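Q: Sequence:
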Amino acid sequence: MKIKVLVVLMALVCVPLITDAKKREKKKKAGKTENVQTPKESAYDQLFKGKECTTAKGMITLHKVDGKLYFEFPLSLLGRDMLLGSTVSSISDNSNALVGQKNQTPLHVAFTMTDSMVYLREVTNPSRAQISSQSKDKHIEQAMEMGTRLPIMEGFAVKAYNADSTAVVFEATKFFVSDDSRMDPFDPYGKKVYYGQGTRRKRFQSELSYVGDIKAFSDNVSITSSLSYLQDIALHGMFVLVIDEPVTVGVNRSLVLLPEEPRMRPRLADPRIGYFVSGKEVITDDLDGVKDVYYINRWDLQPKDVEAYKRGELVEPVKPIVYYVDDAFPNEWKTAIHAGIRLWNKAFEKIGFKNAVQSYDFPKDDPEFDPDNIKYSCVRYCPVGMANAQGPSWVDPRNSEVVNASVLIYHDVIKLINNMRFVQTAQVDERVRTTKLPEDVLFESMRYIVAHEVGHTLGLMHNMAASASIPVESYRDAEFMEKYGTTPSIMDYARFNYIAQPEDKGVSLTPPELGVYDYYAIEWGYKPLLDARTPEEELPVLRKMISDKIGDPMFRYGKQQIGYGTFDPSSLTEDLSDDAVKAGEYGIKNLKYILKNLNHWMDSQDKDYTYRDNIYREICNQYSQYIYTALANVGGFYINEHFVGDPYKTYQVVPKEIQKRALRFAINELKNMEWLDCPEVVKNLEFDGSNARLLLKAFASSLVSTKRLALGVYRDPNGYSPQEYLDDLYNLIWASTLRGKNPTEAERILQTEVVNSLISGVNPATGRKSMADMVLAKSRPAFGCACGGHQQLPDYQIREIMEKLPMRKAISMKATNFDQFSNLVERRQDLNDRLGYDFIQYVANISNDNNQHLLHQMILKIQNLMKVNKNNGSYETRGHYAYLLSQIEGFLKNK
479 MKIKVLVVLM ALVCVPLITD AKKREKKKKA GKTENVQTPK ESAYDQLFKG KECTTAKGMI
539 TLHKVDGKLY FEFPLSLLGR DMLLGSTVSS ISDNSNALVG QKNQTPLHVA FTMTDSMVYL
599 REVTNPSRAQ ISSQSKDKHI EQAMEMGTRL PIMEGFAVKA YNADSTAVVF EATKFFVSDD
659 SRMDPFDPYG KKVYYGQGTR RKRFQSELSY VGDIKAFSDN VSITSSLSYL QDIALHGMFV
719 LVIDEPVTVG VNRSLVLLPE EPRMRPRLAD PRIGYFVSGK EVITDDLDGV KDVYYINRWD
779 LQPKDVEAYK RGELVEPVKP IVYYVDDAFP NEWKTAIHAG IRLWNKAFEK IGFKNAVQSY
839 DFPKDDPEFD PDNIKYSCVR YCPVGMANAQ GPSWVDPRNS EVVNASVLIY HDVIKLINNM
899 RFVQTAQVDE RVRTTKLPED VLFESMRYIV AHEVGHTLGL MHNMAASASI PVESYRDAEF
959 MEKYGTTPSI MDYARFNYIA QPEDKGVSLT PPELGVYDYY AIEWGYKPLL DARTPEEELP
1019 VLRKMISDKI GDPMFRYGKQ QIGYGTFDPS SLTEDLSDDA VKAGEYGIKN LKYILKNLNH
1079 WMDSQDKDYT YRDNIYREIC NQYSQYIYTA LANVGGFYIN EHFVGDPYKT YQVVPKEIQK
1139 RALRFAINEL KNMEWLDCPE VVKNLEFDGS NARLLLKAFA SSLVSTKRLA LGVYRDPNGY
1199 SPQEYLDDLY NLIWASTLRG KNPTEAERIL QTEVVNSLIS GVNPATGRKS MADMVLAKSR
1259 PAFGCACGGH QQLPDYQIRE IMEKLPMRKA ISMKATNFDQ FSNLVERRQD LNDRLGYDFI
1319 QYVANISNDN NQHLLHQMIL KIQNLMKVNK NNGSYETRGH YAYLLSQIEG FLKNK
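Quick note on the numbering used here: the sequence shown kicks off at 479 and runs consecutively.
Some hints could be false.
As the list claims (entries may be wrong) - Pairs of lysine to any residue residues, derived as SDA-like cross-links and limited to a Cα-Cα distance of at most 20 Å, are as follows:
| no. | residue 1 | residue 2 |
| --- | --- | --- |
| 1 | 788 | 728 |
| 2 | 893 | 877 |
| 3 | 680 | 832 |
| 4 | 769 | 604 |
| 5 | 853 | 742 |
| 6 | 693 | 571 |
| 7 | 797 | 863 |
| 8 | 828 | 680 |
| 9 | 853 | 769 |
| 10 | 1175 | 1060 |
| 11 | 652 | 769 |
| 12 | 832 | 877 |
| 13 | 535 | 788 |
| 14 | 1005 | 877 |
| 15 | 853 | 559 |
| 16 | 914 | 832 |
| 17 | 1070 | 954 |
To be verified - Quick list of the computed label-pair ranges, beta carbon to beta carbon:
| no. | residue 1 | residue 2 | range |
| --- | --- | --- | --- |
| 18 | 790 | 631 | 44 to 52 Å |
| 19 | 1071 | 606 | 52 to 60 Å |
| 20 | 594 | 523 | 15 to 23 Å |
| 21 | 1192 | 1167 | 12 to 20 Å |
Simulated from the structure, these hints should not be mistaken for lab results. Fair warning: this is a prediction, and the values are worked out from it, not measured in the lab. Heads up, the beta-carbon is just placed ideally off N, CA and C, and yes, glycines get one too.
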């Protein structure tokens, strides 16, 4: 009974407790319902809610919110290698930069994250050597880690995480809308700055700049920015030509994801064959000192069907090389452009690939295609009055794989073609005697230019020695020219057949489609060596390819020489044949024929003489080229990269008789160039002074330089000595006086210029450097080059600009800019198998040339000659001698 009462009492107590618990539970549930109705906004939502937002989803999701740019960056991409490229997509004045131009090397970058900051880091830089360790010493590895940290380029504060915390959001507006020199859109050697002679001072206008379109894809994103500037332009740092000129540039920045691990096996470079290279430094246990390693720049071309390839069948590559052709090109150019691109398939077919190189017009129905995205390699039309074309490419710095290429074709390249075809082949080809070339001539010429530039994008450097392998008379041999064309390599600047004479009917006048060297170079650089597992295991096969060909001059590689590095007469630009003197004689004979017939050919087409005014200047430039090419033999050296067992020496002094013959040819031309001032032609042209006299003075002023000759006789005691050269120069220039004849006007000018140059050369008080201070060329490596090494300016631009300068302009540049040039260029490397991959540039004077006493003796010799003859000859002659005598005696008195 007591137990029953206890149970009832406990039940009575528990009922209100349960009731209270249920009430509290209801209140709690009610409270929960209220919280669901008013959830707290996440930081992610707060960034975008209620704002005008454009979103592009892809590798990285991009948000454009109220004019600001946000990255929604996946955490999985932290640390991944990427390329950040900058391409001009539009511009207010294309003389500042060209649409499609990439004026800075794409940045090799990676994103990292520390705490609440995302950092953009620079992985590699062309100005910073890539160094790695293959040593087994762990201490070296630790030191490497501490000494090769990735520098931070930019930092971004994390604003939010996405819903599942797989990505962070940060604002990147400032980075993409700013004046960042690493992504500077301006061309420092463009037309606006007078091809590098001018300077630009620009001021970024942030309030007038903004983010434009955004795009995102599976492996890349692109952001277009509109950047506004005010700029001043000055010439030679003295003459201000433009002040506060507004410029607006549309710039596309592409961020492209690279593979986690490079797929292509790199190929070790060899300086005896012309490829652009990327350099690295390696610390090893088997070498005292850091080892320099260079890999050629090339596309990743692997057979899709390896077994079929091994059987010798033609197979397609896994990744063909694809170029997209601008739809803005004039219609009459397009067929030739596609043909020039696809020509290289002939070389790839020789090594087992079919359809390796492909070209298409810009796609109309592909939403992902963007010509300004570095994912796509494009051939772009540049509507600007410059006679040029370029073929730069960019590589994955990890293995030198080409990942993007551009071919830029300027509109006035058509003018260049017309000029070259006229002054070099009009004597034999009636088709080119016109202001507008016919379709067949345009096709074969444009195809050659495009193929040359595409060759650069495949990794090939210029080979300026190619045409020097052909005997001069072979250029008049129809059968030989049909087989080889004007050069064994279209990567030469051999151009068109200016040696062929009017009577040489049926002789080919153009370079070949591809030359024998071009086939050889593609095989060496691209043939898959399937049995090798490492770059080092490829070396025996690659070196045998070279040794099998190196004895044949047609397969010799000759570096391009720039400005003060021009010492090898067998590796020049714009020349033909193995005999500069004979080729020059043929060429000059043709120029005289063309000039004589110019009015007859042009009167019906060129009513206002505009065309003839231009062609006449080109005739003068072509003529000066023949003289310059011959004079390059005087004090010249044949220069080669030499391995043990190779037939070519590292250097060889040009034989004395070749030098003496070249000097005789040049002096004879300087004395007899009156034909250039043809009255029947020049009387109707732009009012100007004598072009013949202008060229005469320009060449005469450099004749007394003996630096190269001094080094030549030091290297070869039986060579052409400075004393012998000056004696020959004296006898040639003063020949009329020595024979008791009155000198001609040209001889008087020549004598005056030489005397003035001798006085300047003897007098150390002038303090001027000259081309004589450059004695032999040295090479330097090209780190990550596009068409040359990357410094502040891509070398491919320096080369193209210098090659397009008229001779008289180039001579002027040599006089005015040498001091600045010699101070700026500081890298001085040896000519050897490690550092010989780039063009020949210059060296400091190491010859100890102290030949002022020889110049002084020559002055005294001329003084005596003037004293003996001061009362001889015509009135004009006596006055000339008296003037020279007063110049010499005034100098000697004040010395």
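Q: The structure should be examined with respect to each hint, and the outcome stated for every one.
A: We went through each hint and held it up to the structure:
The straight-line distance between the Cα atoms of residue 788 and residue 728 is roughly 49 Å, outside the 20 Å bound, and the hint therefore fails. Taking the CA atoms of residue 893 and residue 877, the gap is about 39 Å. The hint is violated against a cut of 20 Å. As the CA atoms of residue 680 and residue 832 are separated by approximately 49 Å, the hinted pair breaks the 20 Å bound. For the given pair, residue 769 sits about 18 Å from residue 604 by alpha-carbon distance, which is consistent with the 20 Å threshold.
For the proposed pair residue 853 and residue 742, the alpha carbon gap of about 17 Å is at most 20 Å, so the pair holds. For the proposed pair residue 693 and residue 571, the alpha carbon gap of about 26 Å is over 20 Å, so the pair is violated. At roughly 36 Å between alpha-carbon atoms, residue 797 and residue 863 are farther apart than 20 Å, so this suggested pair is violated. Between the alpha carbons of residue 828 and residue 680 the distance comes to roughly 51 Å, so the proposed pair goes past 20 Å and is violated.
Taken as a hint, the residue 853 and residue 769 pair is broken in the structure, with Cα atoms around 33 Å apart against an allowance of 20 Å. Only pairs whose Cα atoms come within 20 Å are accepted, and residue 1175 paired with residue 1060 is rejected, the gap being roughly 24 Å. Between residue 652 and residue 769 the CA atoms are separated by roughly 41 Å; this puts the pair beyond 20 Å, and the hint is violated. With a C-alpha separation of about 25 Å, the suggested pairing of residue 832 with residue 877 is violated against the 20 Å cut-off.
Taken as a hint, the residue 535 and residue 788 pair is broken in the structure, with Cα atoms around 43 Å apart against an allowance of 20 Å. As the CA atoms of residue 1005 and residue 877 are separated by approximately 17 Å, the hinted pair is consistent with the 20 Å bound. Straight-line distance between C-alpha atoms of residue 853 and residue 559 comes to about 15 Å, which keeps the hinted pair within the 20 Å bound. In summary, the hint linking residue 914 to residue 832 is not supported, as the alpha carbons are separated by about 37 Å, beyond the 20 Å threshold.
The suggested pairing of residue 1070 with residue 954 holds, with an alpha-carbon distance near 18 Å, which does not exceed 20 Å. Evaluation of the 44 to 52 Å hint for residue 790 and residue 631 yields a pass: the beta carbon distance comes to about 50 Å. Between residue 1071 and residue 606 the beta carbons are some 56 Å apart, a value that agrees with the proposed interval 52 to 60 Å. Checked against the hint of 15 to 23 Å, the C-beta distance between residue 594 and residue 523 comes to roughly 18 Å, which is consistent with it.
The hint said 12 to 20 Å for the Cβ distance between residue 1192 and residue 1167, and at roughly 41 Å that hint is violated.
In the structure shown, a violation is registered for the earlier hints numbered 1, 2, 3, 6, 7, 8, 9, 10, 11, 12, 13, 16, 21, in ascending order.
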